[in-house]
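Protein chains in written order, with numbering that gives the first Met the number 0: chain Z, 0 to 203; chain D, 0 to 287.
If you're looking for bench data, these hints aren't it; they were derived computationally from the structure. Treat the numbers as computed from the prediction; the structure is a model and nothing was measured. Take the hints with a grain of salt, since some may be wrong.
To be verified - Computed footprint of chain D on chain Z, listed as stretches where at least three residues anywhere in the stretch have a Cβ under 8 Å from a Cβ of chain D:
hint : region
1    : 36 to 49
2    : 56 to 66
3    : 179 to 187
Here a beta-carbon is modelled for each residue, glycine too, at the ideal position from N, C-alpha and C.
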Amino acid sequence: MGLVRKQAPEPELPQVLDTDELVRRLDDPDPELRREAALELAGKPEAVPELLARVGLETEPRVRDAVLTTLAGHDSEAVAAGLAVHLASDEAGLRTAVAEALASMPVSTPALLPSLLAAPDHDVRVMTAMVLADLPHPEAKSWLVQMIAEDPHPNVVTAAIDALLPAASAEHIGVLEAAVLRFPDDPFLAFTVRAALPRLTGTA
Amino acid sequence: MAGATTSGALSDADFDRFVEYFYKRTGIHFSSGKRYFVDKRIETCVRNSRYDTFASWFAALRMNDKDMLQELINQLTVNETYFLREDYQFDAMLSTVLPNVLAARGGVNRIVGPVKILSLPCSTGEEPYSIALRLLEEWEHIDHVDVEIHGADIDSDVLAKAAHASYGERSLQRVPKAWVNKYFAPVGAGRYQVDEGIRSAVTLHRMNVCDTAEMRRFRDFDVIFCRNVLIYFDELSSRRAAENLYGALRPGGYLFLGHSESMSRISPIFTPTRLPEGIVYQRPTGAK
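Chain D on its own, in the form it takes in the complex (with noise of 0.2 Å):
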């Protein structure tokens, strides 16, 4: 490999073809302006390997090293968040998406079938656990109807994080004190754990939602939350990503995206929806 000769230093070279493999491999593409955090991380990625130099480590990766691509698409996904992020939206959900829903699927004693919400990505839990604590605080209706919440993520290193659910002070600081109370418990260096009951009630899932294979899995969920992620994607990556999320919806489903996204820049197949809130995209429900 030309260039590439100590630890992970990348020529520009190297560079640009480590970013159309990965690109290839996720659909997450890399501008030069994030040459600096790109660098970084794989130099991490080739010092925890048994390489000693970039050209050796990314010759074993190409040769489809699973464990390998998956350390690397844990390097390179930003999994900042925090409980109750942009929680307008959540808001919505619970003041009118959800009783569309229910009125859509005849109400709600005669509805069939949980009511499916799905967080992705869901980084290291805080959105799906989010849902989970304001449908039970909030939702008058909780106790009558079935609610499903998954999340999924391309990084597994943060789903194992989902799973143990432990999170510390600047995680929750939108969370009221007396949530924390009933829903947490302490575990010790000032963080705190979800409960058993709403860690067992979201179901997680490793997941690209560019991979059309992989999200045929997912069907019939009546709101998904896909925020701040559509922004990494180059057009096609998005259109394809609108797609299977299109196909993961139920007809009239509603789609959440990040507030500084837009589906119109993307993909037509979708009906925006002006709520009190924000834009939600629906998917038509003449469409079967």
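Bound conformation, chain Z alone (with noise of 0.2 Å):
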């Protein structure tokens, strides 16, 4: 008993399985086989469109979370496109696992971005802008700051005003508080500003 000396062999590498083999794991019964499977399907590109099909399949959130992990890999316009459908999803797990997916894809979500901002469906805008909190773009604040100057949905304000407050600075105090007379019978989104602007003006 006691600390355990070292075993000489290396464990080893477990067998390496084709992507055919993969893809079909991805409906198997043990949900740890369907998450490993997910996993290993990373820079398959010939797997994308299956991995898109498991996405609103999946039950498990830790196998579609391992899903939308591999799909981020790819971050190419059209596993964007394939993930965005998700968020005007009713579940609200399956919508904010894709929204951060998206938020992993620096280079093909923003082309997304006209679209999303645009979109009739105002809890479509809300996931938009939680994608925008956490997305490593340079145009990210940008788009936030057009999103509380212009989007006609007190919610969707104020999502985009809670995604900016952790990177605000002085020159958003004008567009924050324009967003409070826009919307003068909204007392959460007015609340939201009025906590945030002492840090903002130095006064806090």
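Fit the two chains together into the complex; they arrive one by one in their own frames, and the hints show the way.
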């Protein structure tokens, strides 16, 4: 008993499975096998259609997250578009997971933004603000400012304000105050801005 | 290669190209704020190579020269650490995590197989040896339960140093004198070597936490320390690392991150658990 002296052989690499077998495993009843298969399909573009199809079908959140991690690694416009349709899902877990995946795709997600910012469903625009909150892109703040200044729905504007605030500075005071004036009947929005202003004006 | 002429000097375009290449191979991303650091390390790599310009060195590197890539990784990864660093997490391991692990695995007398602990990245060995010291000195069950300690790092140079396990006084400053006398032997020039019994109990591996295929070798760990490394990764690499750490843990196993790191911004697959000493992340027990 006590500390175990090291064993001589390194643990062996598990068997490498071909793409077809990994794709088949995406349907395996064992969620751990599905999760591992999804991760091992990283860098295999031929598996993208099957992975995209799994996003809406997979019921285990940890498997879905593995599928999304692998898809995000492709960071292509086709993948981003295939994921973005789920921003309108009724399932909160799915649309949040997809928003996080899109936020880790800085090459291809920006191309979707014009259509996402103009989406008729304001819930999709709320999720778009969530994507922009974490998207490592030099224009992310500008898009959030645009949402705050122009979006007609107070929930979208509040989501965009929440997303902008961690990175906001004094230059954003004007657009925040204007948002309060645009929605005088929304106390939550006004409260959010009022709470943030002292830090931005340096009077906190 | 445009703009690259003498020694390791990099043009802006070279820097961008290099950063993209290094990210693809390791998952580690350097922003332009790290430009000076990267330039200096590349300069060293070019100087140590048989090439006389960045362009020729980089061309050879991209031809999949594994030795060159490993030297580059060794240069560009930060390995400064010391014994018993952030030891409130070792307190948590002893007071809460290991008792929970034992309870979940049937108790001291019925546990099957060793308790497995992984330190990743282990750098020059201070962390896995610190874990060994704390267990030997302070864990009441160490004589009744087998414990396997593993250390892993992407940098082969630091692994060689970890295997040699010789440390200066700065690295040992937090280690009680009595422990130094008991578990270390002076080897000259103010350095002390960890005794053979502990060295032989820590298994070292070269491993990239972002590499899913490599990480599949690691399974069924009860506790993983992965501290102060995810902060170097971008979102996607952090997600990959989180998935791989999840796969390396036993259901119910515990993950310690660095004090400034949070899994909640990386992945929702772990369950955060608040302990008196801070947050630890757990692979859900319901997950097979």
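Unsatisfied constraints (hint numbers, rising):
The structure conflicts with hint 3 only, although it agrees with all the remaining ones.
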